Every structure is written in C-alpha cells, then in structure tokens.
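Take a look at the letters that make up each chain.
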Amino acid sequence: MQNPTCNIMDFCPATFYIFNLQQTHMAGINIYEISDFIVSSAGLFNSVAIPEDYLSQQKWFTIVTPVKGLQLSQEFGIGCVEFCSKENKEIKRVIDFDKRFNEYITFTLVHINSEKMFSAYFAAKRQVEQAIDLIVNILKDDCIYSLHSLGGSLCERNIELYEKKVVLSTLTYIESPQTNAKISCDLAEIDESADLLIDKQFLDQKIELENIEMLLIKANGTNNKDITPLFNSLKWIRKAWDTADFEDKIISAVIALEFIVSKEENVALMEKPVREKCADLIEQVISEFDIDTDKNEYLRRIKETFNRAVTETPFRVKLENLIRRLNIPITNHEMELIEKVRKQRNNLVHGRNDMFLPTDDIYILCEAISKIAFYKLNSLEDKRSGHTRKM
Amino acid sequence: VGILEKCEKIGIELRRTLEGEKVINLLSLIKTNPQELTLEFFKLINYQYVRIHFFAVQYAIDILENNVENQLLGELVKSILAIDDIKEFGQANIPIGQFVEKLAIISFNNSVKYELPTEITVTPGLVRLSNSLTVECQRTNLVQRFAKEYYTDPLFPKAIKRFDELREAMPILPFSKEDRIILKTIKKEYPNTKVDLFYLLISVITYIKCMIFDSFYDRIYEVSEPNDVLFRKEKALGKHKLIKLTLHPNKKILDANTGWILKLTNNDGSISYAQIIKKQIKWTQTETNITIKALIYNIGF
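If you read the protein sequences in the order shown, they are chains B and G.
To convert, note that position 64 of the first sequence is 64 in this note's numbering; the numbers rise steadily by one, no gaps.
To convert, note that position 183 of the second sequence is 183 in this note's numbering; the numbers rise steadily by one, no gaps.
In case anyone wonders, no lab produced these hints; they're calculated from the structure.
Nothing here was measured: the structure is a model prediction, and the numbers come from that model.
Using N, Cα and C, we set each Cβ at its ideal position, and we do this for glycine too.
Please note: incorrect hints may appear among the correct ones.
Said to hold, decoys possible - Quick list of in silico lysine to aspartate or glutamate cross-link-like pairs, EDC-like style, CA-CA up to 20 angstroms: (1) LYS148(G) <-> ASP53(B); (2) LYS161(G) <-> ASP196(G); (3) LYS78(G) <-> GLU40(G); (4) LYS9(G) <-> GLU210(B); (5) LYS92(B) <-> GLU5(G); (6) LYS272(B) <-> GLU258(B); (7) LYS99(B) <-> ASP186(B); (8) LYS87(G) <-> ASP62(G); (9) LYS200(B) <-> GLU210(B); (10) LYS9(G) <-> GLU87(B); (11) LYS161(G) <-> GLU119(G); (12) LYS194(G) <-> ASP153(G); (13) LYS43(G) <-> GLU19(G); (14) LYS165(B) <-> GLU87(B); (15) LYS89(B) <-> ASP62(G); (16) LYS158(G) <-> GLU189(G); (17) LYS86(B) <-> GLU5(G); (18) LYS164(B) <-> ASP133(B); (19) LYS279(G) <-> ASP218(G); (20) LYS165(B) <-> ASP280(B); (21) LYS89(B) <-> GLU5(G); (22) LYS9(G) <-> GLU75(B); (23) LYS177(G) <-> GLU234(G); (24) LYS187(G) <-> ASP153(G).
To be verified - Chain G stretches covered by chain B per the calculated footprint, using a threshold of three residues with CB under 8 angstroms from any CB of chain B: (25) 134-140; (26) 212-218.
Turn these sequences into a full structure, and let the hints guide you.
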C-alpha cells in the first residue's frame with residue numbers, strides 16, 4: 001500500500017460506528033491487522049477470522065498521541081509514557097507521515113508489547129490517561145509543599161489552572177517497528193453519521209413527554225430525593241453512550257443503574273421476629289466463649305453485620321423487584337448484559353483486566369437502562385403529580 | 001544513531017538505580033587510593049570490558065587473585081587486592097552486568113513478553129529507555145533476518161561456530177584489524193553464507209554493552225569537531241564508515257579510564273557515535289599528535 005490514504009471502505013460494509021477510514025493513513029499494514037483494528041475499534045473484539053497458518057505473535061508497537069492543554073518546557077516521562085515536543089525525532093517522523101499531527105505541540109509516545117495493534121493502542125491509551133491523571137493531580141495541587149505535601153519542595157501554585165483541561169486527542173499513530181506497518185487515524189470521527197434529527201415525528205410525539213417534563217420542572221432547582229436520581233441516571237446513560245473510552249462506558253452505565261435503583265425499597269430477607277430470635281441466639285453463643293476484646297463491642301459489631309446481611313436487599317434483587325413491579329419489558333439478554341457490565345465494573349474497580357463488552361452490546365445495554373429509567377420516571381408521575389397519563 | 005543514543009542514556013540512568021549508586025560510591029572510594037596502585041586494576045578492566053562489560057570488574061579481580069603468587073607482580077597484586085572495598089566493587093557490578101546482558105539480547109528478540117527486570121531496582125526512566133532501545137533494535141530487523149538464514153542455510157550455524165573458534169575468548173573489538181582478518185577467513189571458507197549478517201548482529205550486541213558500560217562509568221570519549229579536530233579523514237568500510245581524526249594537542253590525553261566509544265559532535269551540530277579502533281599518541285620533540293581511528297556503524301543495513 002504505497003499510497004498512504006487507502007480506500008479500504010470497500011471491505012467494510014458496517015460503517016455506522018467505525019472511525020473515518022477515508023482520513024486514515026496507512027502503510028505496510030496487512031489485511032488481517034487492519035481488519036482487526038477497525039472492528040476492534042468499534043468494540044467487536046476478536047471477531048475477525050484469522051487463517052490458522054497466520055503467524056500471530058507478540059510484537060512491539062509505538063503509539064503516538066497528541067495531547068491538548070499541556071505545554072512542555074522540556075521533554076519528560078511518566079511511567080512508561082514519554083511526553084515529547086514537536087522537535088523530537090520520533091514525532092518529526094510521525095508528522096512527515098501525517099501532517100495533521102503538525103497542529104499539536106505536545107505528544108505522548110508509548111512502546112507496547114502486544115499481539116494485536118488495537119490491544120496495543122488500547123493499552124497505550126490507558127497508560128497515557130493514567131500518566132495524565134497523575135500529572136493533572138500534581139499540577140492542580142494547591143499545597144505549600146509538592147506532591148500534596150508528601151514531597152519536600154516548596155511550590156508556587158496558580159489556582160486559575162484549576163479550570164484548564166488536559167485532553168488526549170483522538171488522533172493517533174501506531175507503528176510496528178518490526179514490520180514497519182504504520183497507521184494514523186482519528187478514532188473519534190464517526191463515519192458519515194448524520195446529526196440527531198429533531199423531526200416532525202419527534203415533535204408530534206413530544207406531547208407524550210409532558211408528564212416527565214413536569215417532573216423535570218419539579219426537580220429543577222431542588223434536590224428531590226425520588227426524582228433527581230432518575231434524571232441523574234439519564235446523564236450517566238448519555239455519558240455511557242457518548243464516551244469513546246470503553247472503561248468509562250462501563251462505569252457510566254453502572255452508575256446510571258445505581259441512580260435508578262438507589263431509592264428502591266429494601267425488602268428484608270428475614271422477618272423482624274425471626275431476626276430478633278437469631279440475634280438472641282448469636283448473643284447466647286458468643287457469651288459461651290472467652291474473647292480477648294471488649295465482648296459488648298464485639299457483639300454489637302456482629303449483630304450489626306448480621307442485621308445488615310438479612311435486611312439490606314442486594315442490588316440485583318432490587319433491580320429485579322423494580323422490573324417486576326413496573327412490568328418493564330427487559331429481555332433475558334438485556335439482563336445478562338446488566339450482569340456482565342456489573343461484573344466488569346467490579347473487575348475494573350479491583351484492578352483486574354477484562355475484555356469489555358463490545359460497543360453494540362453497550363448500546364443495547366444503554367437502551368435497556370434508559371428504558372428502566374423512563375418506566376420508573378413514569379411511575380413516579382403517576383403517583384405524585386396527578387397529571388393524566390398521555391402515554 | 002538511535003540505538004547508541006538510547007544506550008548512552010541507559011548508562012547514565014543506571015547510575016540512579018540503587019545498584020548503580022552503590023557501584024559509583026565504591027568506585028570513588030577505590031579511586032582515593034594512589035593511582036600507581038589502582039592503575040593496573042583499571043587497565044585489566046579496560047582490556048576485558050569489550051567482551052564482558054560489567055562482569056570485567058569481577059573478572060579483573062579473579063585474574064589478580066590467581067596471580068597472588070606471581071614472582072614478579074605478586075606483591076603489587078596483593079597490595080591491589082588489599083584495597084578496601086575492591087571485592088565488594090566487583091560483586092556490585094554483577095547485577096548491573098546481568099541486567100545489561102539480558103537487555104542487549106532481549107532488545108533484539110521479539111518473542112519475549114516484556115517484564116520488569118528483576119536483576120536491579122529499576123527507575124521509571126530506565127524502563128522507558130529499555131522499551132525505547134528495544135523498539136530501535138526491532139527496527140533493524142536483524143534478528144528476523146538472522147533467524148531466516150539460520151534455519152534456511154545449513155552452513156550459517158557452522159560459520160558462526162567457526163567464527164567463535166577463531167575469535168576464541170579474546171576481547172576483540174568488532175571491526176578491529178584482528179576481527180577483520182577473522183571475518184575475511186570465514187568469508188573465504190563460507191563464500192555463499194551471509195557472514196556479514198551474523199557478524200553485524202554480534203557486533204551490535206557487543207556495541208550496546210560497551211556503550212552502556214562506558215556511559216555508566218563516564219568513559220565516553222567526547223570530541224567536538226569544531227574545537228578539537230585538526231584533520232578529519234573518512235572512508236567507507238563496507239557499509240560502515242571509518243574515520244580518522246587528528247586531535248588538537250590540548251585535547252585530554254587518552255588514558256586507561258577512557259573507553260572505546262567516541263561521541264563526535266560534527267561541524268553541522270549532529271552527533272556521531274563511533275567505536276574507537278585505535279588510539280595513538282605520538283610525541284616528537286616539538287609536538288604531540290593524538291590520532292583516533294573509529295568506526296561509525298551502519299546498523300540498519
């Protein structure tokens with residue numbers, strides 16, 4: 001592929017969430033690598049059929065991504081990420097390959113050992129974001145001493161900097177030094193997608209939204225404990241739709257669900273008389289043993305833990321109760337996705353790496369969560385505002 | 001140039017590791033001893049490091065220990081070995097040597113999944129530089145070409161074996177006169193084998209280790225063409241470039257503490273790294289002539 005702008009659109013019939021291939025520069029990259037990169041960037045990981053005899057092995061990749069809002073007085077590194085200026089020899093090579101990089105002044109450069117180009121990009125992006133998180137948290141520190149007063153150097157701070165955002169560009173360059181394969185693309189550019197249209201049909205149907213609009217008005221400026229969390233959930237669903245970052249999609253989707261379920265009633269697993277009887281028995285058992293610590297305090301903590309375990313309804317049960325109570329048409333597949341996303345969120349929080357849900361599943365999930373939110377909003381309107389339902 | 005530049009930075013960064021700091025501290029303690037006592041020790045290291053880089057320090061101590069009973073030098077050897085901290089200095093170089101040895105090989109080998117080194121307590125800068133060096137080495141595609149020949153030409157492994165036999169265990173500078181004679185012999189014996197390919201790989205790996213060693217011990221010989229060079233001659237040697245520099249008499253005299261790597265700032269401001277093949281100082285009644293012959297590798301061919 002001598003011509004860096006390659007016409008690969010013919011190979012890609014599914015285009016609605018694929019980055020702009022017309023603006024993609026590539027050289028020396030084989031069809032399996034590029035196919036895998038394209039579909040993985042759309043969230044469809046490991047879905048390209050690779051011939052059995054195709055040698056897939058660990059390779060080094062160099063990933064260069066511009067950063068906006070960060071200016072360097074000299075080049076430096078954080079973790080495995082190098083922060084470079086335009087004058088850096090590596091960056092000059094990248095600019096020669098794709099002139100769009102010339103518009104930036106600061107770049108990140110990471111070398112990643114990976115089997116696939118997209119997973120290398122994904123790992124690099126995560127490392128760069130983590131490095132930027134660290135930098136921003138240090139630069140926006142207003143303590144007298146460095147490192148939030150953990151360090152020993154005196155610092156001068158400018159709190160105006162609190163407003164400044166450091167943003168990683170979606171333009172990226174990936175190179176395999178071993179095979180000399182190169183690609184530069186803007187992963188945020190959605191190919192030929194039209195603006196969301198407020199058309200006549202929407203306006204005709206908007207009347208059906210009025211009851212929820214009334215709730216919105218009611219919640220505006222107040223912090224209504226029943227209504228506000230539901231509108232907050234919409235905000236997080238939107239974030240899950242919009243963010244390009246797969247981790248953020250997962251986290252946002254789960255936060256949205258938590259807002260929806262937060263005010264659901266606790267249904268105690270154990271009736272109060274039974275619970276009290278059990279607590280008495282626990283007290284009796286503990287009194288028979290010698291314990292080093294304060295026995296009363298120990299007993300109080302045990303009883304508290306026991307009570308919590310049998311009175312607090314787990315998240316999943318609350319959600320199922322809600323779905324059952326409002327008769328929300330959620331399919332088994334959607335429920336499975338909810339389970340998966342919660343598991344992935346837990347893995348993320350506990351630092352375990354996991355492959356994320358593909359984008360199309362995320363979109364199904366967002367739609368399902370949105371549906372639950374709207375059903376709940378609608379149910380609130382029924383009970384509280386007294387408006388006639390138009391739906 | 002990329003590879004050598006990274007190696008130089010790696011050598012400097014290695015000084016910041018706990019192991020590096022320890023070595024540098026021990027070195028300064030040893031250097032407080034009279035030069036006439038330490039000179040032979042450092043000369044031994046200087047002779048061996050081309051082949052075994054950081055391990056040369058312990059090796060020099062081993063040689064000394066084997067010569068305690070030497071009739072001529074026994075007393076001097078005993079005095080050197082009696083220097084405080086000298087044995088600890090030898091041992092302290094070993095983990096760094098292990099790291100450098102592994103790094104030089106892994107940098108060309110793509111099948112190894114990257115892991116943090118265990119030999120030394122690395123700094124983040126060292127991790128970045130190691131990754132960077134690996135990527136530079138991968139760009140040369142040397143190992144891939146080497147592997148192809150190794151598995152397709154049955155004479156290729158034999159030629160390598162023959163090369164080792166001829167070179168023995170001597171610390172020979174790559175592309176030095178001795179080495180070129182060996183290379184010529186093998187080329188004659190294996191006329192259709194890509195001898196240059198394995199020779200380049202072996203030489204580059206040696207070069208990397210020497211470069212890191214020289215940089216760590218601040219022994220890189222720095223020359224500025226506008227300020228220090230009286231004459232510069234160069235000629236092509238295969239795909240590499242042989243340069244001969246006649247230096248200004250005021251330029252620091254080469255001594256046992258100067259390594260075999262030349263860092264030349266050219267007239268146009270660019271930097272060339274070269275492996276010194278020959279250092280020569282000639283005194284006449286009226287002047288001192290310092291000449292250096294060095295080889296600028298074309299690593300990427």
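Which numbered hints fail: 4, 6, 11, 13, 14, 15, 20, 26
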